[in-house]
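Participant: Chain residues, written in single-letter form:
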Amino acid sequence: MARYLAGRIAGLVVILFLICLFTYLIFFKLSPDPALMICGKTCTPDRVAQIRSVLGLDQPLTEQFWNFLSGLFAGRDYGSGANLVHCSAPCFGYSFQTSQSVWEMILDRLPVSVTVAVGAAVLWLIVGIAAGLLSAVKEGTWWDRTAMGLALGGSSIPNYVLALALQYVLVVRLQVLPFPAAVPFSDDPVAWFQSYLMPWIVLATGYACLYARLTRANVIDTLAENFMRTARSKGLRPALLLRRHALRPALTPITTIFGMDFAALLGGALITETVFGLNGVGKMAADSIAKNDQPVIMAVTLLAAFFVVVGNVVVDLVYTGLDPRVRVR
Amino acid sequence: MTTAAPSRDATAGPEAGAGTAPATEGRRIARALLRDRGAVAGMAFLALVVLMAICAPLISAVTGHGPNEFDPTAIDTNLGGLPRGSFGGISAEHLLGVEPQNGRDVLARIAYGARVSFLIAASATVLTTLLGVVFGMLAGFYGGWIDQVISRVMDFLMAFPALIFMIAILSSLPAGNRSVLLVVVISGFGWPYLARVVRGQTLTLVNREFVEAARASGASTRALVFKEILPNLRSSLIVMTTLAVPGYIGTEAGLSFLGVGVTPPTPSWGQMISSSVGWYAVDPMYFAVPGLFLFLTVLSLTVLGDRIRAATDAGEAS
Amino acid sequence: MSELLAVEDLTITFPTGRGPVDVVKDVSFTVGRNETVGIVGESGSGKSMTSLAVMGLLPRGAVTRGSIRLDGVELLGRGEGEMRRVRGEQASMIFQDPLSSLNPYYTVGLQIEEMYRAHRRCGRQEARKVAVEALAQVGIPEPERRAGHYPHQFSGGQRQRVMIAMALVCSPKLLIADEPTTALDVTVQAQILRLLADLQRETGTGMVFVTHDLAVISSIATRVLVMRRGEQVEYGTAEQVFAEPRHAYTRMLLESIPRIDDELPADEVTS
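Each protein sequence line maps, in turn, to chains R, B and P.
Position in the first sequence (first residue = 1) + 36 = our numbering.
At position 242 of the second sequence (counting the first as 1) the number is 236 in our numbering, and the numbers step up by one without a gap.
Position in the third sequence (first residue = 1) + 4 = our numbering.
Bound-form chain R, shown alone:
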């Protein structure tokens, strides 16, 4: 077990390193010179050179990459003498736009993204699994066909279209919800809930439809298993039959998929946050991309990759706990 874990973590480190390298090369080498961008319109060659030296852009590429990497773990200093700025670990540098510490920007916005992700996940798990389960048990009935038709339709709506349609219907026409605005929970819990409701629904719809179809398929497959016949031959109560014998085998694979989906969302729901103007990591990514704010883009990409890769390992570990057959003996 310990060896397996060590192996997985080593693989994780390698992948993250490669992603770091790849992202670094693309964002800092392929894109326009950041020094020119920071410098702005009233720029002199001296000024550019100065900025380049402060950012360390005058050093060889390997040196720059090393500085970036070590900055992540040990922090780094920018400039020298009186202009020296220390950026403590994990150092993602400073925004070209606002000169804020990128790490602090992320810490500021992460709670919003986590709120969006958690709320949506709760919603889609409940709706998706319940609908799928009911469809499986009532396979072939009117309910099953309707629910699965809706699921197919729901998974085909691009979320920005759904977002606009929802806003139009709920806010403009029916006026049951206020215009979306970020309200902190501590200020007004009701308004907070209302402000997150639409993002949750929009984000959850596609996933709920997908999970409903997955759950239905898995439960139907499980109900056809030999061990279900055995369980019925034992005279178990139908509730126990479904809860114990059918659900666990049917839902265990879904845990894996859920882990991956959720991990990907923690890195920011880019489109949903942008459409609703929620100040999460996703919107930050979109904004920084629009303004070519490379340190921020870089940090957001790395953060998202980190969540995905770590999520992968966590999912594997959870799966080993859930399925006795893959437990390391």
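One thing to keep in mind: the hints can contain errors.
Estimated spans, in silico, between C-beta atoms of each pair [claimed, not checked]:
#1 Ala38(R) x Arg29(B): 51 to 59 Å
#2 Gly111(R) x Arg146(B): 25 to 33 Å
#3 Leu237(B) x Glu12(P): 33 to 41 Å
#4 Pro259(B) x Gly21(P): 38 to 46 Å
From the derived model, a few chain B residues whose C-beta atoms are all more than 10 Å from chain R [to be verified]:
#5 Gly138
#6 Gln142
#7 Arg202
#8 Ala247
#9 Val254
#10 Ser270
#11 Leu293
Hint data in this document are derived by calculation from the structure and do not stem from the laboratory.
No residue lacks a Cβ here, since even glycine has one placed at the ideal position from N, Cα and C.
Fit chains B and P to the known structure of chain R by using the hints.
Facilitator: Just chains B and P, lined up with the frame of chain R:
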């Protein structure tokens, strides 16, 4: 139990089996699709959109409105450029209404936008399938270090936060030809999902008796790949590609929506929806029309893919 | 003497795309207390459907006619709730593939306990004790420790022993064994057959033994029912059927059993 094509022995001649099986299989799937109301409706809608895309210049010629022609008479400058008339300015002159502020004809823009969306999605599908099949088969067929390298690259690509990365790459790369760039980026992140399945299936096929028999009888690698393995991957490839197309259409529209896809003035559905964001409260038709086209296109493709999969599964089960 | 199980004119019909199809037609047989009856036939002969009908476990859509009486009580036409109390308590069943027949997610101990607790009022502790005893009875070594193991941690023969322990944990009057040895090695087959015969003698359970293999039946059954394409072609005591089969199909089945005296000298084979 009667297993069909795969278990036929090599001495019977692969040509015989490969020649007859696909025709009947294809016909059976086509029959199953024609019996399904959802699939027929989907195909009809897709046919309509494809027709619109192909005939886009014709539509413009008939209605007299190009995709980028401003029509100041169709909008009301006193109301901040809102289309005149109800429902986003739908009239005999403009069948699907006009855009606010500039009065461009929505029908023409939808038709030209369909060209862009379909072309990008189709090219991305072709490129993704090509990459997925080649790398998946290489990994599955040769195994060893080739498999190791390809599998690690796939792990790496799949661990990437694809959307953020696509946006970032598209925004940092110099302008150039956006459409080609979109295709390359979508395929670059899309192929591992296909390759993973192809690799797994190739791996099991390589060890099946009929491939071993063909190998033992001295068949060349090329013959093995093209006559034994590829035909057996066909049905899962069809299913996976049809299910992937709506994803690519959605991705293209999403990227254009975020402003890193097709650049104006070239119209694209995602871009149209994106520019309607500020208007949704006062001119809902502005986002409803392209939104509906996008939704119905994705839905049609999804339903079609779903039904094709059901039909192939039923074929394999019998 | 009243029979334990009396099946009379049992007919099972399935709706298909081409109209209803009888998978079992007018089958009648009885099983006495403490007796083993073998049902023999090829796959598709309807033998498994017959045994599933007794348990009330036929797939959805199946229509049954005739009569199935267990200990004098009619089972056909009973509701699912009533059948549930029959299953496990009065009649239980073991299946062909013990690996897929046990739920891979739960320990064998729990799977035996839940069956006991479905029919007896008792706590987990007591049920666990019963489960461990049941495992010991079927010859699983270290039953206390093994009760905490999962199905995949057992060998094929041991898994079938677990299934048998589970089936007998409520001391049912009738045990239906559907091809219980088919998936096992020959040596293990013999062990399982001996175990079933021993347990039957000890507990006095009536047994229906379903198989495609006449050789297996000969060592365990007192009466034999031969089925083909849903119809009963031969029914009688084992001696009768083996000594003077009346139906050509039975003779064919009998001839296909490999015997020691079949091994002819090499020169006779070539001539």
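Participant: Against this structure, judge whether each hint is valid.
Facilitator: Status of each hint after checking the structure:
| no. | hint | in the structure |
| --- | --- | --- |
| 1 | Ala38(R) x Arg29(B): 51 to 59 Å | holds (57 Å) |
| 2 | Gly111(R) x Arg146(B): 25 to 33 Å | holds (31 Å) |
| 3 | Leu237(B) x Glu12(P): 33 to 41 Å | violated (53 Å) |
| 4 | Pro259(B) x Gly21(P): 38 to 46 Å | violated (57 Å) |
| 5 | Gly138 | holds (19 Å) |
| 6 | Gln142 | holds (13 Å) |
| 7 | Arg202 | holds (24 Å) |
| 8 | Ala247 | violated (6 Å) |
| 9 | Val254 | violated (7 Å) |
| 10 | Ser270 | violated (7 Å) |
| 11 | Leu293 | violated (4 Å) |
In summary, the numbered hints that this structure violates are 3, 4, 8, 9, 10, 11.
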